[in-house]
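Colleague: Following the hints, put chain B in place on chain A, whose structure we already have.
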Amino acid sequence: MSAGEQALHGFSGVPLALRGPAPAKVVAGFGFWLFLLSDIIMFAALFAAYAVLSDATAGGPAGAGLFEKPRVFLETLCLLSSSVTCGFGTLAMFRADTRATYFWMGITFLLGVCFLTIEGREFASMVAAGAGPSHSAFLSAFFALVGTHGLHVSVGLIWLIIMMLQLKTLGLKPMVTRRLYCFGLFWHALDIVWIGVFTIVYLGAK
Amino acid sequence: MDMQVEAQGHAPGVDPHEQHGKRTYLIGLGYALLLTVASFWASSSTLVYAPAVPVLLATLAIAQMGVHVAFFLHVSSAPDQANNFLALAFGVFVTGLIVLGSIMIMAHLNHNMMPMDELMKMQR
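First to last, the protein sequences are chains A and B.
Mapping the first sequence onto numbering that gives the first Met the number 0, position 3 (from 1) lands on 2, and the numbers just tick up by one.
Mapping the second sequence onto numbering that gives the first Met the number 0, position 24 (from 1) lands on 23, and the numbers just tick up by one.
Keep in mind that the hints are not guaranteed to be accurate.
[Stated by the list, open to error] Among chain A residues calculated to face chain B with C-beta under 7 Å, some are:
#1 V25
#2 G28
#3 L36
#4 I40
#5 A47
#6 A50
#7 S53
#8 T56
#9 L73
#10 T75
#11 G86
#12 L90
#13 A91
#14 I191
#15 L202
These aren't lab readings, by the way, just hints derived from the structure by calculation.
In this text, a Cβ means the ideal position worked out from N, Cα and C, and glycines have one as well.
Isolated chain A, as found in the complex (with noise of 0.2 Å):
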């Protein structure tokens, strides 16, 4: 079966005009994958508007003397264990194996909560030194592009605790496990936003 055939009949060898309906996880996972990608977009903007505004300082401090490196490292090491931890949490999920869905759902939680602390804290330093949002363009567009992926961490926290509950109320039905697994697909585009913000703005910083 050549390349071009097989694309039009699957592996199954069922042609497209013969094929129903998609099933209820594939058409949601394509849907939230299509989210995630607009989401991307979204960060893509807020990427530019930093590229630029990046030396508007406006006689204020640049982000060489701002940032610290050992705290970024810890930063996405929380992240990047976390998004390993949220795929075994997925596996043990499809596995149907509860406990282990509560284990490492529990770790990847930890790990965000220990993220969203390295990063408040750091937010909270820059204000009390006067590097607050509305000292510069560039820092307006740091603390906005920064700042989004730190929410979106925040209410990917708050999805993660509801899930938990309606695991614990409904247990592993179809629309929690569709759920889950769309929360770790939240999780891991998230993880690849970071890769962007650290290399643009923590170790590109002038």
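Modeller: What follows is chain B alone, placed relative to chain A:
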């Protein structure tokens, strides 16, 4: 994975050939850690020719994003993932257009603009 799902393609994040499991995530974690450490090292090292550092950082970041997409989101160019992959390609295209386009336009505007002190003199 049942027959119907196979015929309809896969949602992202589902490993279509379930045999990998945790191993896929651990391999991805290994690559991602390697690339993260490399970019933090490159940003503060004096071994790399300084003007080349931004290009190196961009390369490492794009590589790490690729690792995350392949090992964590399990999106690939396999025939049963055509929808996911095409959506991803379009997302990457629009992202590139917004970021590179904005930087290019703003750099040109900046270049063509009168210096700020000249502008102030004209207003008087």
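Colleague: So, for every hint listed, does it hold in this structure?
Modeller: Against the structure, the hints:
1. V25: 5 Å, holds
2. G28: Constraint on A:G28 satisfied, holds at 2 Å.
3. L36: 4 Å, holds
4. I40: 5 Å, holds
5. A47: 4 Å, holds
6. A50: 5 Å, holds
7. S53: 10 Å, violated
8. T56: 14 Å, violated
9. L73: Since the shortest Cβ distance to chain B is 11 Å, the answer is violated.
10. T75: 6 Å, holds
11. G86: Result: holds, 4 Å to nearest chain B Cβ.
12. L90: A:L90 check passes; min Cβ-Cβ to chain B is 6 Å, inside 7 Å.
13. A91: 10 Å, violated
14. I191: 5 Å, holds
15. L202: 4 Å, holds
Consistency with the previously given hints fails for numbers 7, 8, 9 and 13, ordered from lowest to highest.
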